[in-house]
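*Asks:* Spelled out, the chains give:
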Amino acid sequence: MMELSLSVNSETVVAKVEPRTTLADFLREKQRLTGIHLGCEHGVCGACTILVDGEPARSCIIYAVSCDGADIQTIEGSNSDPVITALQEAFTAHHGLQCGYCTPAMLFTARDIVTRLPEADAERVRLELAGNICRCTGYAGIVRAIMAVLEDRRATLE
Amino acid sequence: MKSPKLTYVRTRSVAQTLELLSKHGDGANILAGGQSLMPTLNMRLSKPDLLIDINQLDELSGITVEGDMVRIGALSRHAAVLGSQIVAERLPMIAEAMPHVAHVAVRNRGTIGGSIALADPAAELPACVVALDATITVESVRGQRNIAAADFFKGLFETERQPDELLTEIRIPCQKPGTVHAFMELSRRQGDFAIAGVACAADIDGEIVTDAKLVYFASEDRPTLALNAAAAIVGRPWSEQSRSSAMAALSDDLDPMDNLQGSSAFKLHLQRVLSGRVLDQAIDRARAQ
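Here the protein sequences come in this chain order: G and C. For the first sequence, the tail end lands on 158 under my numbering, and the numbers increase by one without skipping. For the second sequence, the tail end lands on 289 under my numbering, and the numbers increase by one without skipping.
Mixed in with the good hints there might be a few duds.
[To be verified] To be clear about the criterion: a stretch of chain C counts as covered by chain G if any three or more of its residues have a C-beta under 8 Å from a C-beta of chain G, and this derived list gives those stretches: (1) 33 to 46; (2) 102 to 112; (3) 127 to 139; (4) 187 to 199; (5) 225 to 233.
If you're looking for bench data, these hints aren't it; they were derived computationally from the structure. Glycine residues also receive a C-beta, built at the ideal position from the N, C-alpha and C atoms.
Let's have the full structure, built from the sequences with the hints guiding it.
*Replies:* Written out as structure tokens, the structure is:
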């Protein structure tokens with residue numbers, strides 16, 4: 001077991017973990033942050049995407065021990081994140097979720113798109129979303145929701 | 001889908017890393033971004049005795065210009081390479097290839113050194129470094145070696161790097177005036193493993209192709225320089241006839257492996273199609289220069 005200290009949703013967490021424990025398993029099973037969803041556990045489906053040091057990362061292919069000192073944000077800690085809350089409203093308005101399994105991770109990828117690519121069009125949004133799989137195949141609503149937030153943000157800037 | 005039990009060390013210096021590699025050799029795996037290694041561990045396809053985490057070694061990252069070369073530290077993340085102004089201006093092939101390297105969440109963690117050391121035959125960066133005549137530096141307690149990219153890739157996930165060596169940096173010559181770069185890849189979905197792909201560095205004088213390096217990936221066991229296809233087009237203006245000659249000659253350069261992505265014949269067909277497209281692109285860029 002190795003000692004680990006990191007910030008999870010703005011709170012300091014100190015814990016002992018086995019080196020083989022993934023960040024996703026540590027956060028789900030020890031911190032009860034079950035908004036992180038596990039689909040494939042080898043970095044393909046994107047369902048476990050969270051923010052590590054402010055950037056989207058796959059928590060199923062990162063070891064918890066290698067995140068000593070990191071700043072983690074999961075969906076449970078995103079109520080005060082204005083981009084996430086705007087996206088959540090847009091996902092609701094534009095039917096951006098069906099079963100909801102991919103949704104928390106979709107929101108983090110969407111957050112990355114609207115902050116990193118403020119000029120993105122729908123085609124670019126689809127390209128950027130390629131790393132997150134929705135097996136309900138509800139992409140049309142997801143793309144509309146992200147475009148709505150992008151357009152709102154562009155209108156606000158004008 | 002959980003890693004086997006493993007012993008983990010986070011190293012504090014290159015010297016400490018090299019000592020551990022010297023002691024454990026084949027039994028140790030370097031953990032850089034882990035974006036390919038961890039899936040193989042989760043699927044129990046590998047079981048290292050020791051995992052050596054080098055993520056704290058800041059001296060191994062960074063992108064700098066040194067004379068007519070760009071030096072990229074092995075631990076530089078794909079996202080950093082993609083966002084680098086130096087790379088965009090001096091290594092346009094790498095800049096063009098980078099968006100094909102997985103997805104943003106993976107690019108935020110994965111490293112250029114990891115991709116090159118792994119030598120996945122479907123990976124973009126090994127093909128680029130061969131096409132660009134890069135030099136790959138490895139270090140061990142025995143000393144440092146600089147290996148030409150063309151000699152580095154030995155086969156399926158096999159490289160010239162010895163088990164006690166750490167890949168520390170890549171030096172890539174800057175694009176020269178008169179040389180054009182182009183990169184193309186086919187995959188089922190953006191960021192997925194390539195089905196076929198080519199990295200092209202061509203010298204074009206007027207309409208005449210005076211030199212062409214065409215390096216194909218995702219079809220052979222390693223990035224493969226197509227000498228016959230290049231010979232079919234060099235010294236001539238690019239034309240429909242050149243296109244047909246290059247496509248015909250490509251079967252002397254490539255013998256694609258069958259895999260889940262497609263049959264050998266299908267992949268050869270795609271590589272031929274890409275050959276024409278990538279040279280069209282190169283010619284267009286040369287005209288625009």
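*Asks:* If you count the residues of the segment 187 to 199 of chain C with a beta-carbon closer than 8 Å to a beta-carbon of chain G, do you get 3 or more?
*Replies:* holds (count 4)
*Asks:* Verify the coverage statement for the segment 33 to 46 of chain C against chain G, using a C-beta to C-beta distance below 8 Å and requiring 3 or more qualifying residues.
*Replies:* It holds: at least three residues are needed, and the segment 33 to 46 of chain C offers 7 whose Cβ sits within less than 8 Å of chain G.
*Asks:* State whether the coverage of the segment 102 to 112 of chain C by chain G holds or is violated, taking the criterion as 3 or more residues with Cβ-Cβ distances under 8 Å.
*Replies:* holds (count 7)
*Asks:* With a C-beta cutoff of 8 Å, work out whether three or more residues of the segment 127 to 139 of chain C approach chain G closely enough for the coverage to hold.
*Replies:* violated (count 0)
*Asks:* With a C-beta cutoff of 8 Å, work out whether three or more residues of the segment 225 to 233 of chain C approach chain G closely enough for the coverage to hold.
*Replies:* Violated - the segment 225 to 233 of chain C has 0 residues with a Cβ nearer than 8 Å to chain G, which falls short of three.
The structure is inconsistent with the numbered hints 3, 5, although it conforms to all the rest.
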